[in-house]
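Trainee: Sequences are here, hints too, so could you generate the full structure?
There are 2 protein chains.
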Amino acid sequence: MSIDAALRALTPLLGDRLSVSKSDLLAHGQSETHFDVIPPDGVVYPRSAQDVSDIVKICSQHRCPIIGYGAGTSLEGHTLAIQGGIAMDFRDMANVVKINDEDMTVRVGPGITREALNQELRATGLFFPVDPGANASIGGMASTRASGTTAVRYGTMRDNVIGLEVVMADGRIVRTGTGARKSSAGYDLTALLVGSEGTLGLITELTLKLQGQPEGIAAATCAFDTIDAAVEAVTSTIAMGIPMARIEFLDAASVAAVNAHSKADFPETPHLMVEFHGSQTGVAEQAERFGEIAHDSGGSAFDWATNAEDRTRLWQMRHHAYWAILASRPGSSAIVTDVCVPISNLAQAVRDTQDDIEASGLPAPILGHVGDGNFHAILLIDPNSADEKRIAKELSERMAQRALSMGGTITGEHGVGMGKLGYMSSEHGAGWDVMGQIKRALDPHNILNPGKVVQVNG
Amino acid sequence: MSIDAALRALTPLLGDRLSVSKSDLLAHGQSETHFDVIPPDGVVYPRSAQDVSDIVKICSQHRCPIIGYGAGTSLEGHTLAIQGGIAMDFRDMANVVKINDEDMTVRVGPGITREALNQELRATGLFFPVDPGANASIGGMASTRASGTTAVRYGTMRDNVIGLEVVMADGRIVRTGTGARKSSAGYDLTALLVGSEGTLGLITELTLKLQGQPEGIAAATCAFDTIDAAVEAVTSTIAMGIPMARIEFLDAASVAAVNAHSKADFPETPHLMVEFHGSQTGVAEQAERFGEIAHDSGGSAFDWATNAEDRTRLWQMRHHAYWAILASRPGSSAIVTDVCVPISNLAQAVRDTQDDIEASGLPAPILGHVGDGNFHAILLIDPNSADEKRIAKELSERMAQRALSMGGTITGEHGVGMGKLGYMSSEHGAGWDVMGQIKRALDPHNILNPGKVVQVNG
Ligand SMILES: Cc1cc2nc3c(=O)[nH]c(=O)nc-3n(C[C@H](O)[C@H](O)[C@H](O)COP(=O)(O)OP(=O)(O)OC[C@H]3O[C@@H](n4cnc5c(N)ncnc54)[C@H](O)[C@@H]3O)c2cc1C
Ligand SMILES: Cc1cc2nc3c(=O)[nH]c(=O)nc-3n(C[C@H](O)[C@H](O)[C@H](O)COP(=O)(O)OP(=O)(O)OC[C@H]3O[C@@H](n4cnc5c(N)ncnc54)[C@H](O)[C@@H]3O)c2cc1C
Numbered sequence: 001m002s003i004d005a006a007l008r009a010l011t012p013l014l015g016d017r018l019s020v021s022k023s024d025l026l027a028h029g030q031s032e033t034h035f036d037v038i039p040p041d042g043v044v045y046p047r048s049a050q051d052v053s054d055i056v057k058i059c060s061q062h063r064c065p066i067i068g069y070g071a072g073t074s075l076e077g078h079t080l081a082i083q084g085g086i087a088m089d090f091r092d093m094a095n096v097v098k099i100n101d102e103d104m105t106v107r108v109g110p111g112i113t114r115e116a117l118n119q120e121l122r123a124t125g126l127f128f129p130v131d132p133g134a135n136a137s138i139g140g141m142a143s144t145r146a147s148g149t150t151a152v153r154y155g156t157m158r159d160n161v162i163g164l165e166v167v168m169a170d171g172r173i174v175r176t177g178t179g180a181r182k183s184s185a186g187y188d189l190t191a192l193l194v195g196s197e198g199t200l201g202l203i204t205e206l207t208l209k210l211q212g213q214p215e216g217i218a219a220a221t222c223a224f225d226t227i228d229a230a231v232e233a234v235t236s237t238i239a240m241g242i243p244m245a246r247i248e249f250l251d252a253a254s255v256a257a258v259n260a261h262s263k264a265d266f267p268e269t270p271h272l273m274v275e276f277h278g279s280q281t282g283v284a285e286q287a288e289r290f291g292e293i294a295h296d297s298g299g300s301a302f303d304w305a306t307n308a309e310d311r312t313r314l315w316q317m318r319h320h321a322y323w324a325i326l327a328s329r330p331g332s333s334a335i336v337t338d339v340c341v342p343i344s345n346l347a348q349a350v351r352d353t354q355d356d357i358e359a360s361g362l363p364a365p366i367l368g369h370v371g372d373g374n375f376h377a378i379l380l381i382d383p384n385s386a387d388e389k390r391i392a393k394e395l396s397e398r399m400a401q402r403a404l405s406m407g408g409t410i411t412g413e414h415g416v417g418m419g420k421l422g423y424m425s426s427e428h429g430a431g432w433d434v435m436g437q438i439k440r441a442l443d444p445h446n447i448l449n450p451g452k453v454v455q456v457n458g
Numbered sequence: 001m002s003i004d005a006a007l008r009a010l011t012p013l014l015g016d017r018l019s020v021s022k023s024d025l026l027a028h029g030q031s032e033t034h035f036d037v038i039p040p041d042g043v044v045y046p047r048s049a050q051d052v053s054d055i056v057k058i059c060s061q062h063r064c065p066i067i068g069y070g071a072g073t074s075l076e077g078h079t080l081a082i083q084g085g086i087a088m089d090f091r092d093m094a095n096v097v098k099i100n101d102e103d104m105t106v107r108v109g110p111g112i113t114r115e116a117l118n119q120e121l122r123a124t125g126l127f128f129p130v131d132p133g134a135n136a137s138i139g140g141m142a143s144t145r146a147s148g149t150t151a152v153r154y155g156t157m158r159d160n161v162i163g164l165e166v167v168m169a170d171g172r173i174v175r176t177g178t179g180a181r182k183s184s185a186g187y188d189l190t191a192l193l194v195g196s197e198g199t200l201g202l203i204t205e206l207t208l209k210l211q212g213q214p215e216g217i218a219a220a221t222c223a224f225d226t227i228d229a230a231v232e233a234v235t236s237t238i239a240m241g242i243p244m245a246r247i248e249f250l251d252a253a254s255v256a257a258v259n260a261h262s263k264a265d266f267p268e269t270p271h272l273m274v275e276f277h278g279s280q281t282g283v284a285e286q287a288e289r290f291g292e293i294a295h296d297s298g299g300s301a302f303d304w305a306t307n308a309e310d311r312t313r314l315w316q317m318r319h320h321a322y323w324a325i326l327a328s329r330p331g332s333s334a335i336v337t338d339v340c341v342p343i344s345n346l347a348q349a350v351r352d353t354q355d356d357i358e359a360s361g362l363p364a365p366i367l368g369h370v371g372d373g374n375f376h377a378i379l380l381i382d383p384n385s386a387d388e389k390r391i392a393k394e395l396s397e398r399m400a401q402r403a404l405s406m407g408g409t410i411t412g413e414h415g416v417g418m419g420k421l422g423y424m425s426s427e428h429g430a431g432w433d434v435m436g437q438i439k440r441a442l443d444p445h446n447i448l449n450p451g452k453v454v455q456v457n458g
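Protein chains in written order, with full-length UniProt numbering: chain P, 1 to 458; chain Z, 1 to 458.
Hints are computed from structural coordinates only; laboratory data are not their basis. Zero decoy hints are in this set.
One side of the interface only, derived from the structure: several residues of chain Z facing chain P at Cβ under 10 Å:
#	residue
1	Gly155
2	Lys182
3	Glu197
4	Gly278
5	Thr281
6	Met406
7	Leu442
Glycine included, every Cβ here is placed at the ideal spot set by N, Cα and C.
Mentor: Printed below as a string of structure tokens:
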């Protein structure tokens, strides 16, 4: 078999940096959500772009699939070895290569996690803003075009990756982007690779934009009686042009789960969690104007997190909400929806989703980065119930189709992996074929994360 | 000849929307800079995506080149018909399709100019921020990944185009992006097409992000004794995290040209032109802090444009600076350089450029969007002097190579066209081959603006 041949050829090159131990294979065959375990045939731990290139050349020769692996926190079965092959785990390429304070950029290895990176940046007064709930790797975040609570202010990985070093499917090492803030020098390969989920190239280094720590920060939670009231406060805030750094929505069920998991005592009603960044006076002004809007929309129980620890605790609770929600139904697994709609349709989309959830009978808390029009229903299912799985999949499909009919997208930030493959044609039409053409041109033997994102026989 | 066959086949389809009149061909064979006139064999004026698709299918069949044409203001010979074929002029697809106030987006035809668009948006309180000096078409701006004075705040076309309708080289009509603010649904075709200069597809509609008119605006000019002092003020302002909406540099020669052309009376020394956007108090705070920085760097003759007319006049002078500079040497034509470097190297890059210019003996005013690290030397040459042309080209090449050695790019915003083709390999290495692979996959017969941006026989 070609995969076996590849493993044999890799052994002398990698020694114990090639593992076929059962526990390693299993660990890399799992995912955070409802997918079955699908282990790879081997796991490699490269230490440099040259390593990656050497591995890719061997795998290319033997037509052996290679699946990039960061922290394994992706939610659509992205890293599962559905055609076998090797997982390429970037844990040993997790260094900070160089911080350029003056240019507010940093070069990092793909394996570094966002928390480790921000730890390293502490002394500089700079930070990297993109913050998915999990402590994901920067390479994985680039590959899924991740975002998080701060995207409403600082953008997603699309906006915060300015250059890459990538190993292509034939082993060539390519650098995209420059150290400059902008360029018109040809096709935007950086943007093409960001969000490509390891199907076009393997990222071996990233240059990231950094932000200065704001002089002033104010964060608050605000309770609402109804979902509608909370969403109305969001759309009004956006319409008024108030620059939010974060504006997160949690429905009553999400709040209850967070209370239980984080020993908090929020009133168990729909909530917004907000944060403002700017100068001291700017932040005070923004907070005051948001307070008025929230009040007009019926918000109450305003709670300002005045010091840094309170703020850290607040956002930690938010970041752990997924696990809190999972824990709210012990033994359950989750189908995580991830629609994103134009702001003008947000209220309707959330309302309709709520109705769907009620009709389904499934526990399915809703939360999300509503400042972007992006929200998730976490559909909690009994993994042993085929019925619940079917109902959840139907519900998930209805949400995706509704998002499309409202001019939105089937995935705001989690990506396609295996889970969203079935909706790609509905979203993109002929554009999905164009993606397939690009895939075939750049990975003619279909060895990079095959079976994900695109269809190669289009 | 295949082009003749294409023209014959297009005639019944287009009637008088296909022109082969000498004046039309000449008008489309010119460029704003030093390139020789190279007219196409015909000019077509489509009215819809379907028209474009029909035309492309015929041209594809006959292997006839098609060159997208917006306002023809690009600076690197982008629209010249170096392999013959037809110019596709989008002047009749210049409509506003739909304004979505609530989502702060607009859908437009590619032929609309940025000034016409902002005129149409007037009543909404929204505006489209990207503003190259010329009154370019939005389709052309997307195709060159244009920016302008406000990119430091609002980004370039990369950041402000959220979706496209595009006709591919085989006539397929493809929609990229959605109405949502972000998406992780597969490859970022929007970003791939933005900046592709008509070599991958023809843009027939764009969805753009809009901005709310800021509540407060303050603009000023500030004179400095030396270039160094002015650039130092820029880097300090950035380091302090003061959010500028615009920060433009003009050297003494540029100021002199502007004075002569716009009947202004700025002191003829290096200048910064700045603008701040925000709430009234925010703007006042920013302006004050900038004032302190400028003062510390030796800035003087601070002149605040307090009312809207003064501001309009100020930015009009800036936008017309290119023509002012051209007029400063009657009968000259220009080679326009467009390097962009990391901010940490900006001062050195400008200094070295100045030294080069002095050594060359050519008149070559420097100006630029320094907040992005982007500046231009406008090399004024006697079009009949082979010597001057050679000296200018050497100087331009030295600037490009220096930008690369400093971690920057050969073109911050103007694009590649013909003029920068020779440096693409230096900037991108193997990445340029990857661009060629994409081009071959999406335009196998090389009919879309052939000879520009990429090399198809790589
Ligand atoms: C609790 C929780 C909360 C979350 N919240 C968010 C959120 O707010 N926003 C959000 O966007 N996501 C969120 N996610 C999803 C997940 O964190 C993101 O998708 C993240 O970007 C995945 O990063 P990772 O390092 O875990 O990548 P992995 O799961 O390891 O891999 C993801 C994909 O990238 C590829 N890949 C990884 N590294 C490389 C590389 N170096 N080169 C090429 N390809 C590579 C893989 O092949 C795979 O296709 C959440 C997940 C959890 C569990
Ligand atoms: C005085 C002056 C100042 C300038 N200042 C700036 C500046 O500050 N910043 C900046 O970025 N540029 C600047 N430019 C350059 C120029 O304005 C930009 O490059 C602009 O984006 C070109 O737009 P256009 O409509 O004129 O395009 P064109 O010149 O007509 O075409 C440009 C390219 O786009 C392609 N194209 C056009 N329309 C389409 C379409 N619908 N589909 C596919 N391809 C298409 C063409 O084939 C060509 O390759 C300046 C130019 C002048 C003369």
